[in-house]
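Spelled out, the chains give:
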Amino acid sequence: MPAVRIHPMMPLSTHDEAAEQSFVVALKTFLATQFDPAVRRTTLGIAEQISAAGEKPTLQRLRKRLEGRQLYQNWISSLRAAQELMWQAAVDCVDRQRSELEALERSAPKLGSLHVDPGFEVPRYLAAGDVHMMPGGYYYDPPGDEHSVRQGAVFDKAASLYSLGRQGGQMNDMRGQTIVAHLYEIYPDLQPTRILEMGCTVGNSLVAVARNFPAAKCTGLDVGASLLRYARARAAHLGVALDFVQGSAEATGLPEASFDLVYSSAMLHETSHKALPRIMAECYRLLRPGGIMVHLEVPFRAEMADAYDLVRADFETRYNNEPFWMGATEADYVRLAREAGFIDIHAGFQDAALGPPSRDQVKGMFGQPNKGGYKSWYIASARKPRQ
Amino acid sequence: MNATVRPGKPPDHRYRLHRHRIKAPGVDPRVDTLMGMVMSLLSEVSVLRERLDAHERLGAAQQPVTPETVDDYVPDEAVQQARAAIRQRMIEKVCRPLLAADAKDHDGQDRST
Ligand SMILES: C[S@@+](CC[C@H](N)C(=O)[O-])C[C@H]1O[C@@H](n2cnc3c(N)ncnc32)[C@H](O)[C@@H]1O
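Going down the list, the sequences are from chains A and B.
Each residue of the first sequence is one higher than the one before, starting from 62 at the first, in this note's numbering.
Each residue of the second sequence is one higher than the one before, starting from 88 at the first, in this note's numbering.
For the record, the hints were derived by calculation from the structure and aren't laboratory data.
Every residue, glycine too, gets a C-beta built ideally from N, C-alpha and C.
Please note that the accuracy of each hint is not assured.
[Said to hold, decoys possible] Cβ-to-Cβ under 7 Å is the rule here; a few derived chain A residues that face chain B:
id, residue
1, F84
2, F91
3, L105
4, Q131
[To be verified] Listed next, the in silico DSBU-like pairs over lysine-lysine satisfying Cα-Cα at most 30 Å (straight line):
id, chain 1, residue 1, chain 2, residue 2
5, A, K436, A, K89
6, A, K436, A, K424
7, B, K110, A, K117
8, B, K110, A, K125
Can you make the complete structure from the sequences, with help from the hints?
Set out below in structure tokens:
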């Protein structure tokens, strides 16, 4: 059977690495389909007992009763072990072929650009712990290696494994397509020629957005040089010219009024309460009058959470190093956007787009009930006043 | 999953563990350590089982069986499915006790605490 390489930068696996990666995927699937439901049943049972005693089943009360239970302890321990195995499998595979990947970066078509800032200081919320247990997080640049593509390669490899095809296949571009569907439906007049993605990681969403707006010049911003070096090469090998800039969404350093569209995709929940208004203000500054801001987030809102959702979110927060997971799902994006000066504000659930959307098929995709993970996303969007 | 390359030299720079791993209240750190070890070991058994599978299939096809031919072996769809079934059985077997931890077992004893 011929080797299928999703795109030229995607790290290849040896026979044994592929076996290890398949194992991790199967283990994570087992935990998600067998173990999560068991913890859900137990948690909902405990919540009922708490309610029956006339109290509110708060996270604190739930945890107090769960922490003594072996089922819950096993759940925390095995979820963490599986997540650690996943990253180690990706890291070992990438580090083995480090020089091949760096050569592929150098031989990538001369498309797009990369601007790194050696003096850049990573925001505390990203540097304090490695987000979702990825060794080195988004910011790590292997010392003494200015050709490194390591963090990007590790992220892309693990995402392609872990998504199990749910995020838009191994291109991992479902969120990008979903943002385009939102724009087609809610801001049909928008014809962007300058687009910025904040928190672009390996450019997986940005490639999809760029292909839907071929006339636009697209820029991706993120915190790690190694991450962005990989992203530039990945896009170039796919024939897409993207410009990448190292910086923070809170203060990008990019010129004001220089974009028609500024968006983020699954970034806000990795920031902080303090950062949110700053990011909104930065979007406002970067947009030309009449320009559009879009933020896509996980399909989950704190006010709709049941007892198990709270316990699951708590796992993400404390053990999966997503400290702002709950905060982001509680945040009032309509208020934040209004306070930043935006008008024409929308917030709600958006059906996921599974491929490149067409303008005549997007009607009614926004403002739907939440259909759950990978079927819906939460979107907040707005327009900067025309004058 | 497609295998296309052979293993090379081991990685020369390592950052394999994530920063900020907090202790989970209630979880015995020794059990946590063992959990990591058992899962890693199971992953190694799974890899070994697939190498053995490649070995058997090369042998059955009267192909030479060397470290290189095993590394180069690419399982087709049917083989991948057969391997997935073995993997699944192994995971269910090893993980069953984790899930049983909260159930009232067949002997009626509540092992939930
Ligand atoms: C989960 S990833 C999202 C990946 C991609 N946008 C997608 O849709 O698949 C979140 C990204 O946001 C970035 N990020 C978080 N805070 C940031 C900030 N203040 N400035 C720039 N990037 C940030 C992280 O470094 C990370 O790469």
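Going through the hints against the structure:
| no. | hint | result |
| --- | --- | --- |
| 1 | F84 | holds, 4 Å |
| 2 | F91 | holds, 5 Å |
| 3 | L105 | violated, 13 Å |
| 4 | Q131 | holds, 4 Å |
| 5 | K436(A) <-> K89(A) | holds, 20 Å |
| 6 | K436(A) <-> K424(A) | holds, 16 Å |
| 7 | K110(B) <-> K117(A) | holds, 27 Å |
| 8 | K110(B) <-> K125(A) | holds, 16 Å |
Going through the hint list in order, the structure does not satisfy hint 3, though it satisfies all others.
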